[in-house]
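Now for the letters of each chain:
Protein chains: 4
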Amino acid sequence: MKICIIGAGSPYTPELLEKLSEWRDRLPVRELVLMDTDADRLAIMTGFCQRYANALGTDIVIRGTTDRVDAIRDASFINTQIRVGGNRARIQDEKIPLSLGLIGQETTGAGGFAKALRTLPVMVDIARDVRKHAPDAWIVNYTNPTGLVAEAVIRHTGAKIAGLCAGGVFAQHWVGRSMGVAPQSVRYDLAGLNHMNFAYNLTASGRPLTNQEFSAAAREVGPVDPALIETLGALPSPYLQYYLHTTAKVAAMKAAGRTRGEEVLAMEPELFSAFADPAADRKPDLLKKRGGGGYADVAIGFMDAVWNARDSWMVVNVPNGRTLPFLPEDAVIETACLVGADGIRPLPVKDPPMAVRGLIAAVKSYEQLAVEAAMTGCRRTALAALMAHPLVRDGDVARTLLEQLLEANRNWLPLFFGEDAEP
Amino acid sequence: MKICIIGAGSPYTPELLEKLSEWRDRLPVRELVLMDTDADRLAIMTGFCQRYANALGTDIVIRGTTDRVDAIRDASFINTQIRVGGNRARIQDEKIPLSLGLIGQETTGAGGFAKALRTLPVMVDIARDVRKHAPDAWIVNYTNPTGLVAEAVIRHTGAKIAGLCAGGVFAQHWVGRSMGVAPQSVRYDLAGLNHMNFAYNLTASGRPLTNQEFSAAAREVGPVDPALIETLGALPSPYLQYYLHTTAKVAAMKAAGRTRGEEVLAMEPELFSAFADPAADRKPDLLKKRGGGGYADVAIGFMDAVWNARDSWMVVNVPNGRTLPFLPEDAVIETACLVGADGIRPLPVKDPPMAVRGLIAAVKSYEQLAVEAAMTGCRRTALAALMAHPLVRDGDVARTLLEQLLEANRNWLPLFFGEDAEP
Amino acid sequence: MKICIIGAGSPYTPELLEKLSEWRDRLPVRELVLMDTDADRLAIMTGFCQRYANALGTDIVIRGTTDRVDAIRDASFINTQIRVGGNRARIQDEKIPLSLGLIGQETTGAGGFAKALRTLPVMVDIARDVRKHAPDAWIVNYTNPTGLVAEAVIRHTGAKIAGLCAGGVFAQHWVGRSMGVAPQSVRYDLAGLNHMNFAYNLTASGRPLTNQEFSAAAREVGPVDPALIETLGALPSPYLQYYLHTTAKVAAMKAAGRTRGEEVLAMEPELFSAFADPAADRKPDLLKKRGGGGYADVAIGFMDAVWNARDSWMVVNVPNGRTLPFLPEDAVIETACLVGADGIRPLPVKDPPMAVRGLIAAVKSYEQLAVEAAMTGCRRTALAALMAHPLVRDGDVARTLLEQLLEANRNWLPLFFGEDAEP
Amino acid sequence: MKICIIGAGSPYTPELLEKLSEWRDRLPVRELVLMDTDADRLAIMTGFCQRYANALGTDIVIRGTTDRVDAIRDASFINTQIRVGGNRARIQDEKIPLSLGLIGQETTGAGGFAKALRTLPVMVDIARDVRKHAPDAWIVNYTNPTGLVAEAVIRHTGAKIAGLCAGGVFAQHWVGRSMGVAPQSVRYDLAGLNHMNFAYNLTASGRPLTNQEFSAAAREVGPVDPALIETLGALPSPYLQYYLHTTAKVAAMKAAGRTRGEEVLAMEPELFSAFADPAADRKPDLLKKRGGGGYADVAIGFMDAVWNARDSWMVVNVPNGRTLPFLPEDAVIETACLVGADGIRPLPVKDPPMAVRGLIAAVKSYEQLAVEAAMTGCRRTALAALMAHPLVRDGDVARTLLEQLLEANRNWLPLFFGEDAEP
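Protein chains in written order, with the numbering used here: chain C, 1 to 423; chain X, 1 to 423; chain E, 1 to 423; chain W, 1 to 423.
Calculated directly from the structure, the hints in this document are not laboratory data. The beta carbon of each residue, even a glycine, is placed where N, CA and C say it ideally should be. Mixed in with the good hints there might be a few duds.
[Unchecked claim] For each label pair, taking beta carbons as the anchor points, the in silico distance ranges come out as:
1. C/Gln184 x W/Arg219: 34 to 44 Å
2. X/Pro208 x E/Ala279: 42 to 52 Å
3. W/His173 x C/Asp40: 50 to 60 Å
4. X/Lys132 x E/Gly206: 19 to 29 Å
5. X/Pro208 x C/Phe417: 28 to 38 Å
6. E/Pro183 x X/His173: 33 to 43 Å
7. E/Gly206 x X/Arg290: 32 to 42 Å
8. E/Ala252 x W/Lys254: 23 to 33 Å
[Stated by the list, open to error] With a cut-off of at most 25 Å between alpha-carbon atoms, the simulated BS3-like pairs for lysine-lysine come out as follows:
9. W/Lys350 x C/Lys350
10. E/Lys95 x E/Lys289
11. W/Lys289 x W/Lys95
12. X/Lys350 x E/Lys350
Using the sequences plus the hints, can you model the full thing?
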């Protein structure tokens with residue numbers, strides 16, 4: 001079995017290698033190809049991973065390439081973790097909305113919109129290569145915004161893609177922790193979108209949670225007021241903090257000295273010089289401080305379920321079908337699925353609480369418009385997307401925001417600024 | 001045929017009388033009963049209407065009563081135009097949200113929420129009387145918020161109700177004016193909710209409008225930027241100004257010396273003394289300045305269509321059924337219908353543009369929660385309603401707003417403040 | 001306004017002319033072009049119609065042509081009433097199934113299947129000419145099987161077509177007769193397919209029928225046992241006799257000396273020599289004996305509703321949309337519609353009684369397979385169609401029947417017997 | 001864990017015991033209670049099972065009771081395998097339809113209708129006992145007609161019930177055999193109803209079957225002509241022989257000396273005297289000849305999946321939800337499900353081939369009417385059910401059949417013949 005990682009210059013790469021090593025009895029990987037457009041970071045990461053593989057005692061052959069097709073050809077799973085524009089672009093995504101009094105988070109907020117414009121056409125190109133050079137392969141994606149990436153890839157290429165996110169199982173852990181039970185014994189209906197999902201109809205070992213148990217779990221969510229969670233009647237993704245506490249978050253982000261992107265960027269030199277150290281064959285401690293990991297577990301779980309026909313319960317971003325009747329059938333949603341040899345099937349859920357249905361529908365409208373805007377370069381559709389976004393909405397504000405975002409991202413948006421761009 | 005008006009102390013009453021007189025050949029009304037809880041205003045309006053009927057040369061017998069059942073019994077049509085709490089309550093609805101930086105409009109904004117809490121239980125009580133004392137009658141409602149009133153009445157009583165609004169035909173007039181054609185020749189799909197509706201798929205005499213014709217019509221809408229209307233791809237209700245220009249509207253409302261409710265209240269003494277003048281047998285000029293009329297045409301059109309089996313195309317607030325697949329089947333929507341002897345049937349429409357679908361869904365979630373809150377007195381549901389409202393949304397803000405609105409309306413909210421109120 | 005009739009050699013043609021003359025104030029027809037592939041019958045009918053028009057005092061210009069495009073070009077309405085293979089083919093349709101113990105009726109039974117194979121490709125060709133030479137025109141179709149014709153034309157050409165049948169208003173007359181009220185005051189939900197429809201939820205002047213009134217109406221249907229109608233809970237098309245009394249009908253058809261097709265064929269020489277009589281300027285009496293008319297009223301009603309924007313309640317064969325949730329959205333159904341300047345909109349109905357839902361679904365499956373078979377010439381799909389037909393069903397019987405029908409119709413089925421035919 | 005078997009006098013009982021013994025490591029059963037209304041057969045079976053348990057070396061405590069509540073109280077799983085009226089009633093079910101030229105099979109044909117009338121009220125009574133005395137327990141049902149039993153129980157009691165049938169995995173074995181692969185590697189969409197299901201969209205180890213592989217699997221189905229299976233495009237339940245070869249099957253059944261029920265009845269004395277032999281502690285050889293087993297595997301598989309939270313792919317009769325859009329949401333269908341600690345979730349499927357959709361819909365209409373008739377004793381609904389059944393359909397025939405079936409089953413139909421019976 002051959003596996004590749006597109007965007008392998010990311011510091012997340014070693015984590016996947018580590019998990020592949022742990023699971024070698026179940027996943028017979030013979031070759032792991034690392035691909036990145038940044039040759040320098042790729043060289044550092046390839047060298048480190050070869051040393052790390054050695055230290056882990058695995059015999060997976062590891063090599064680096066800047067040739068995407070070379071990486072993809074005949075692979076069984078294509079892991080994608082790209083960041084178009086790097087952390088410098090991310091910082092703009094964060095700062096421009098904030099300057100207008102808006103949430104600039106890189107997935108949920110208006111920042112996620114700019115990221116989508118940059119990222120989707122590239123991911124669709126990658127998927128076209130997969131269709132051509134590894135037609136039976138699965139794309140295992142954790143490039144954000146993962147729901148929009150999955151929707152663009154499915155609509156425009158028909159490639160097989162699993163849009164993953166570590167957050168789908170958070171509710172298992174919240175309930176597990178508050179009740180003192182194993183996370184795996186916790187099940188629920190999960191409805192919504194990536195970073196806009198809600199867990200409800202919760203059970204532990206098949207028994208529905210009491211109101212008290214639900215309240216206790218709500219207190220584990222963290223950045224969302226537990227009383228508001230009880231009002232919703234569902235455990236939300238932590239990203240809901242940006243919706244439920246918008247005013248407070250904007251104030252806090254303005255008060256903070258620097259953005260999350262700036263923090264991450266500041267860490268990179270030290271992190272990469274640690275990876276580059278020829279003596280280094282273990283993950284640097286600094287990696288933990290960076291945070292954001294956890295994808296490797298989900299990615300490995302997915303590959304195991306498909307390769308070994310395991311019938312695993314997993315949260316994936318998939319086309320809705322008839323799961324949520326208030327969303328289009330072709331809309332990608334994030335929901336619990338059965339994953340096995342024949343792919344991904346979303347499991348039926350009860351309709352989510354009315355208190356969250358409208359929000360999900362509104363954000364999905366934004367997402368579908370954003371996908372269309374990203375793939376056409378149409379400014380009118382882009383403006384409609386921002387007006388459909390609950391965190392922007394006001395048409396006057398949206399227009400100013402759009403102008404600034406497009407201008408700042410001019411270099412990464414050939415569809416908007418190329419010769420054939422729509423007016 | 002007997003007709004009654006509940007809330008007949010309103011200055012709108014003479015307009016309906018005038019139309020009944022005009023249409024006497026088609027609608028054989030023998031008795032018009034005026035009912036109000038305010039005996040003084042009722043007496044003034046009854047006296048004026050009797051003189052006005054005389055002047056119009058109609059032989060409809062007009063009488064006043066404060067006994068609701070007396071008014072309803074055996075009537076064919078029950079016109080309802082009540083205002084619980086009067087204009088003084090309305091002014092609070094406008095001012096409290098504004099003090100928190102929010103839209104306080106009496107139907108669309110957070111103010112409409114407070115109005116719904118006061119109004120819905122009373123309208124449901126009226127509908128129960130109709131079921132009992134005039135079971136085959138239609139309630140012809142123009143009490144706002146008319147969509148929420150219709151939904152509460154249908155869900156809780158099963159009474160026959162037509163939730164009317166003069167705005168459903170606005171798009172006929174915008175297109176008629178910009179193209180120089182008869183409004184009646186203009187047709188469209190109308191999708192959405194009361195004061196949250198959109199006309200699209202427009203035709204004039206069966207021919208689809210060109211983009212240029214659409215743009216010209218967009219310029220007629222008035223308070224919404226035509227460029228934003230083109231972005232939406234649908235002609236919006238003028239009330240969309242509160243969504244598409246929120247920041248500007250809040251600023252303007254703060255800058256204005258007084259609210260719309262205060263203006264109306266200030267006019268009332270002069271207006272009622274004009275009605276009370278024993279010599280007055282014509283509508284006072286001041287009535288035009290007050291504005292807000294136009295309902296009588298719609299109400300008469302509805303009564304004519306039902307009574308005379310006319311198969312009329314009308315915009316009505318009705319249960320969705322399968323008209324809009326992204327809303328629940330029992331949700332009341334505002335849409336074009338066929339009205340005839342056997343009632344109201346919503347006409348199928350193309351799915352509305354994606355740019356407005358999320359907004360409609362979000363507001364409908366708010367509406368369904370608001371109806372439930374109003375009819376149960378449950379504070380948790382009330383908070384969920386405000387969090388679901390796109391113009392409020394932030395949970396911290398919603399909580400403060402709810403406390404202030406409930407406190408200010410304490411006298412009109414027995415379900416929230418009575419002995420059996422939910423905690 | 002120009003109107004044409006394709007298949008104008010039919011004896012139904014004068015009826016339409018008569019109605020056009022009656023309605024001349026509402027439908028300003030200037031030219032009526034008669035088209036047929038049978039030059040002899042066309043000449044006779046053109047001559048008669050010119051004399052008849054004269055006698056009626058209308059100034060519509062009438063002319064005949066065998067050039068289809070000439071007839072279609074710039075017409076406002078294209079009336080289609082063709083019979084591919086003529087009555088000789090019909091007689092085979094009747095006799096072959098009967099010889100296997102099956103219903104051979106020309107629309108409902110297996111005979112209708114053979115008629116569909118012959119007719120659909122020709123009607124689709126006509127529709128393509130309409131798209132090209134009169135793109136805004138409506139095809140007003142009463143060629144049988146009208147539901148399958150409409151589905152094939154819509155799916156393959158996108159032309160505007162109204163699939164009409166005189167039977168849609170029968171229930172108005174049954175109820176009108178049994179209650180002694182005007183048929184126009186009777187309304188109902190009409191659900192189903194052409195010749196497989198059911199009227200229920202019946203009202204007269206807006207009042208629901210009592211059980212007694214329903215039973216009385218059931219006795220008017222004629223060829224169906226009223227007790228079985230009460231079991232269904234809906235007034236069926238008279239063609240349901242072939243489903244509800246199959247055994248008795250097959251026996252009766254076998255016992256009868258000759259088929260309906262043979263009767264009609266026998267009448268033709270006398271009928272056409274009457275039309276050909278240069279002195280004849282009135283419809284021959286024999287026409288009444290022939291029967292089968294009534295379409296002209298429906299066709300005129302449709303043209304009036306569209307041309308004059310009348311908002312008429314009419315029964316038409318149209319794409320289902322979400323009218324019947326148990327059928328595909330693109331399936332053509334027969335149902336009550338609002339017809340106006342902007343076309344045809346099916347009216348929402350209550351779900352039909354469970355007792356008829358399965359039958360409607362089964363026949364629709366047959367119909368969709370029959371349309372596909374007719375337009376592809378695929379024998380496998382043709383066999384699947386007959387197996388899906390409730391009046392055939394048994395696979396062994398279906399196979400024998402298919403062989404015999406195809407062989408007998410070899411000359412009219414180029415898709416099945418041409419060089420490129422699917423195996 | 002306590003398990004009980006209702007209808008334990010059946011010769012299937014030892015098979016379940018055998019499987020419980022095999023799976024003792026995964027299912028910690030402490031007590032197995034056998035319940036039957038026939039005390040004699042119960043005594044024989046209890047005695048045999050105790051000896052058999054001993055021989056198998058299991059320490060499960062086995063006891064018999066004729067007290068249903070005693071059996072049910074606090075059990076974790078209630079296995080139900082009753083036969084109201086015994087084999088004598090079954091023989092009538094087979095013979096009466098056959099005498100009218102109809103299929104009298106005990107599940108699929110008109111015979112299954114009579115069985116449903118006798119069985120459903122009893123099963124609903126049992127389910128009410130379960131709700132009361134073991135509210136968290138699952139009913140594991142293999143009483144036929146299992147789909148109708150599940151629908152009646154769910155609609156009338158809300159008890160948790162798994163309607164099982166050994167046939168759901170047949171397609172795994174057909175494909176496994178024809179391709180030489182493990183049955184477990186075969187997956188498919190399974191759509192339809194019990195004994196009216198179809199497997200399509202087939203894969204082996206995630207790879208779609210080629211046309212040749214499908215044809216080879218079709219030849220394994222057995223009693224259905226493979227050419228007809230290719231026409232359908234789906235592997236049918238073997239019971240489809242009664243629909244696809246009706247004429248041939250009726251002829252063969254008439255030609256046969258005796259019915260299947262008569263064969264089974266003839267075997268019983270010898271079979272039960274073998275069980276009664278105090279020396280017998282192994283299953284008698286004659287049991288194999290009787291056939292009809294295979295349920296125990298499915299039942300154990302279900303109990304394991306629930307008890308041990310296994311996330312198993314299983315075919316179960318469950319409420320449709322939105323799985324098949326052409327059936328009501330509350331209709332019980334037979335489809336592939338994910339079974340785990342929190343119950344049964346039907347997996348989404350592609351829409352089944354058009355060639356089988358109408359048949360499934362027609363039979364489901366029959367089933368829903370049959371359930372209603374069985375639970376109300378309404379003759380009109382019973383007649384509607386038979387008219388909706390594709391194997392009866394003709395109203396005249398249905399009426400005669402109904403009279404004969406009711407009369408023959410008079411003793412087991414208190415709802416039809418009791419004092420309060422509907423006319």
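Quick rundown of the hints versus the structure:
no.: 1; hint: C/Gln184 x W/Arg219: 34 to 44 Å; result: holds, 43 Å
no.: 2; hint: X/Pro208 x E/Ala279: 42 to 52 Å; result: holds, 50 Å
no.: 3; hint: W/His173 x C/Asp40: 50 to 60 Å; result: holds, 57 Å
no.: 4; hint: X/Lys132 x E/Gly206: 19 to 29 Å; result: holds, 20 Å
no.: 5; hint: X/Pro208 x C/Phe417: 28 to 38 Å; result: holds, 33 Å
no.: 6; hint: E/Pro183 x X/His173: 33 to 43 Å; result: holds, 36 Å
no.: 7; hint: E/Gly206 x X/Arg290: 32 to 42 Å; result: holds, 36 Å
no.: 8; hint: E/Ala252 x W/Lys254: 23 to 33 Å; result: holds, 26 Å
no.: 9; hint: W/Lys350 x C/Lys350; result: holds, 20 Å
no.: 10; hint: E/Lys95 x E/Lys289; result: holds, 23 Å
no.: 11; hint: W/Lys289 x W/Lys95; result: holds, 23 Å
no.: 12; hint: X/Lys350 x E/Lys350; result: holds, 20 Å
In summary, this structure violates none of the numbered hints.
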